[in-house]
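2 protein chains.
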Amino acid sequence: MPQFNDTELTAAVIKSFEETPDPRVKFLLEELVKSLHDYVRKTDLTFDEWGYAIDFLTRVGQKCTPTRQEFILLSDVFGVSMLVDAVNHREREGATETTVLGPFYVGEHKPVPHGTDISSNLPGERMFVQSRVTDLKGKPLAGVPVDVWHADDDGYYDSQRPTYETDGPSSRARFITDADGRFFFRTILPCSYPIPTDGPVGEMILQTRRHPMRPAHVHFLVDAPGHEPLITHVFIDGDKYLDTDVVFGVKDDLVAKVEKRSDPVTPDGKPVAGPWHLMSYEFRMKPGQGNAPKPMMAVTEDA
Amino acid sequence: MPQFNDTELTAAVIKSFEETPDPRVKFLLEELVKSLHDYVRKTDLTFDEWGYAIDFLTRVGQKCTPTRQEFILLSDVFGVSMLVDAVNHREREGATETTVLGPFYVGEHKPVPHGTDISSNLPGERMFVQSRVTDLKGKPLAGVPVDVWHADDDGYYDSQRPTYETDGPSSRARFITDADGRFFFRTILPCSYPIPTDGPVGEMILQTRRHPMRPAHVHFLVDAPGHEPLITHVFIDGDKYLDTDVVFGVKDDLVAKVEKRSDPVTPDGKPVAGPWHLMSYEFRMKPGQGNAPKPMMAVTEDA
Numbered sequence: 001m002p003q004f005n006d007t008e009l010t011a012a013v014i015k016s017f018e019e020t021p022d023p024r025v026k027f028l029l030e031e032l033v034k035s036l037h038d039y040v041r042k043t044d045l046t047f048d049e050w051g052y053a054i055d056f057l058t059r060v061g062q063k064c065t066p067t068r069q070e071f072i073l074l075s076d077v078f079g080v081s082m083l084v085d086a087v088n089h090r091e092r093e094g095a096t097e098t099t100v101l102g103p104f105y106v107g108e109h110k111p112v113p114h115g116t117d118i119s120s121n122l123p124g125e126r127m128f129v130q131s132r133v134t135d136l137k138g139k140p141l142a143g144v145p146v147d148v149w150h151a152d153d154d155g156y157y158d159s160q161r162p163t164y165e166t167d168g169p170s171s172r173a174r175f176i177t178d179a180d181g182r183f184f185f186r187t188i189l190p191c192s193y194p195i196p197t198d199g200p201v202g203e204m205i206l207q208t209r210r211h212p213m214r215p216a217h218v219h220f221l222v223d224a225p226g227h228e229p230l231i232t233h234v235f236i237d238g239d240k241y242l243d244t245d246v247v248f249g250v251k252d253d254l255v256a257k258v259e260k261r262s263d264p265v266t267p268d269g270k271p272v273a274g275p276w277h278l279m280s281y282e283f284r285m286k287p288g289q290g291n292a293p294k295p296m297m298a299v300t301e302d303a
Numbered sequence: 001m002p003q004f005n006d007t008e009l010t011a012a013v014i015k016s017f018e019e020t021p022d023p024r025v026k027f028l029l030e031e032l033v034k035s036l037h038d039y040v041r042k043t044d045l046t047f048d049e050w051g052y053a054i055d056f057l058t059r060v061g062q063k064c065t066p067t068r069q070e071f072i073l074l075s076d077v078f079g080v081s082m083l084v085d086a087v088n089h090r091e092r093e094g095a096t097e098t099t100v101l102g103p104f105y106v107g108e109h110k111p112v113p114h115g116t117d118i119s120s121n122l123p124g125e126r127m128f129v130q131s132r133v134t135d136l137k138g139k140p141l142a143g144v145p146v147d148v149w150h151a152d153d154d155g156y157y158d159s160q161r162p163t164y165e166t167d168g169p170s171s172r173a174r175f176i177t178d179a180d181g182r183f184f185f186r187t188i189l190p191c192s193y194p195i196p197t198d199g200p201v202g203e204m205i206l207q208t209r210r211h212p213m214r215p216a217h218v219h220f221l222v223d224a225p226g227h228e229p230l231i232t233h234v235f236i237d238g239d240k241y242l243d244t245d246v247v248f249g250v251k252d253d254l255v256a257k258v259e260k261r262s263d264p265v266t267p268d269g270k271p272v273a274g275p276w277h278l279m280s281y282e283f284r285m286k287p288g289q290g291n292a293p294k295p296m297m298a299v300t301e302d303a
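As given, the protein sequences belong to chains A and B, one line each in that order. Its first residue numbered 1, the first sequence is counted upward by one per residue in UniProt numbering. Its first residue numbered 1, the second sequence is counted upward by one per residue in UniProt numbering.
Read the hints as simulated data drawn from the structure, not as lab findings. Honestly, I wouldn't trust all of these hints.
For chains that are exact copies, the list does not tell them apart, and a pair is met inside one copy or across any two.
Restricting the straight-line Cα-Cα distance to at most 20 Å, the calculated cross-link-like pairs of lysine-lysine (PhoX-like) are [unchecked claim]:
1. Lys270 to Lys42
2. Lys15 to Lys240
3. Lys42 to Lys26
4. Lys110 to Lys294
Working from the sequences, and respecting the hints, build out all of it.
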């Protein structure tokens with residue numbers, strides 16, 4: 001006869017998964033059960049606390065829409081997304097560090113010419129970005145697609161705007177590296193911005209007195225043949241939120257000095273009016289395989 | 001400068017919660033971060049597995065409605081609900097064991113007279129239930145409200161029926177114990193039944209080759225003044241799912257022998273036609289305080 005009390009229960013739950021056909025799924029479920037049970041035992045979780053957790057998770061799920069993924073946001077602010085990234089990229093061997101994809105990647109675009117101003121004339125301080133893609137020995141990699149996206153001067157991505165479908169992309173583009181592995185473009189200087197705080201995750205951030213800010217950054221997705229796809233950000237040195245990024249995405253290697261310039265021409269020889277910023281960064285690719293990620297959109301609703 | 005890699009990340013996330021005003025909330029969040037991070041490190045969770053988890057949890061949240069709570073069901077099948085019950089009821093001192101409330105408690109009803117047939121003439125084998133509520137020394141407790149609810153012969157609760165609002169309760173009632181602490185009623189023999197399998201939790205149960213069944217039982221909620229409210233089930237001895245209850249709710253102490261009888265009268269002296277079953281069970285209440293639970297309904301949708 002069973003006795004599902006606090007000492008025998010865990011073994012019974014683990015045993016319930018013993019017929020799971022896939023050994024990896026079985027392992028993941030067994031470890032999940034141990035982890036959940038250890039947590040409840042260690043904290044002596046009360047009924048009210050358990051009820052709060054049930055309600056919180058339900059609200060997180062119900063906040064998700066085809067254009068918003070509140071569970072990824074939850075994973076992000078608990079540092080889980082970055083840790084998954086970390087355990088899957090333990091040995092970099094000198095390659096550029098990785099960081100989270102984030103919820104604002106929308107997939108590939110048609111490549112645009114080097115030097116394009118991708119900001120669609122949005123207001124903001126002007127920035128010229130020059131970059132190069134190489135292998136671990138510094139050999140340039142030519143013909144490599146590089147996707148770029150960043151927030152605007154108000155802290156929003158184009159895909160967060162209600163007019164996104166009609167206006168098309170802005171501060172978002174694809175380049176193909178030239179024979180020297182180079183690509184370059186014009187845009188505006190991104191600024192630090194808060195994650196959405198109008199849902200349950202934002203509620204937790206505010207209730208625990210954390211700030212909701214991410215330091216200013218530009219996203220890059222570099223997908224060179226024969227190399228691991230590189231998903232990363234380049235952060236702007238001096239940002240006040242570098243040490244306390246709400247999603248823990250910062251690594252030393254990814255912080256770029258952005259110079260304030262007043263030269264009348266940008267590095268591509270074109271004239272420029274007024275002061276501008278220069279971001280220079282090189283990407284070192286790790287040999288390997290892998291598929292570039294697809295955008296992580298929320299499921300369609302099924303309530 | 002920060003370095004949110006796989007060894008330093010956990011400390012950084014824990015530190016982010018250091019200003020949390022409530023020390024208990026702070027402790028629960030710190031332990032949650034440790035637990036989640038240990039899990040990711042121990043399993044070397046892949047991006048695909050993480051993505052599956054995000055999608056699964058989103059679907060669980062989106063399956064919840066005002067009459068369905070899929071996150072409680074998830075907690076149940078992982079044995080977490082029973083463990084929360086267990087750590088909150090470690091020392092029973094001879095009192096009746098507790099088990100999960102379940103999702104089908106709908107709150108109080110107007111008391112009905114002893115002997116009432118609560119089954120609303122549903123088809124099924126007839127059962128007479130006789131019971132008594134006492135303190136730990138066996139002294140009867142009079143005037144105690146006892147809520148009773150159980151599934152019908154098809155394995156459904158009245159509240160799962162689309163006609164529930166118009167037809168009113170069935171196999172569900174409140175009794176008040178008499179001067180001897182007794183209460184008794186007529187109903188049908190409940191049967192074992194599956195948890196709902198049309199959602200993501202059911203999907204997991206089937207994919208892992210677990211069965212979705214709960215052994216036959218009657219729910220009781222006994223709320224005696226000066227005693228801890230007792231939330232429990234009485235299970236029917238001989239049920240084939242006692243050892244493998246999908247929500248791990250069974251304890252030895254809660255299994256009752258249900259006798260098959262053919263006497264022409266039930267214990268209250270009333271005539272009965274054909275064979276019937278007799279369930280006898282006594283509840284021993286633990287001194288203490290506490291509020292009887294409210295029904296655990298899903299949040300309203302907020303998508």
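Tell me, please, which holds for Lys15 and Lys240 at an alpha-carbon limit of 20 Å: within, between, both or neither? Between copies, since 17 Å is at most 20 Å while 50 Å is not.
Alpha-carbon proximity between Lys42 and Lys26, which holds within one copy, between copies, both or neither at 20 Å: between (24 Å within a copy, 14 Å between copies)
Using 20 Å as the alpha-carbon threshold, which applies to Lys270 and Lys42: within, between, both, or neither? neither (64 Å within a copy, 53 Å between copies)
Check Lys110 against Lys294 for me: Cα-Cα at most 20 Å, and say if that holds within a copy, between copies, both or neither. within (16 Å within a copy, 57 Å between copies)
Against the hints set out earlier in the document, a violation occurs for number 1 only.
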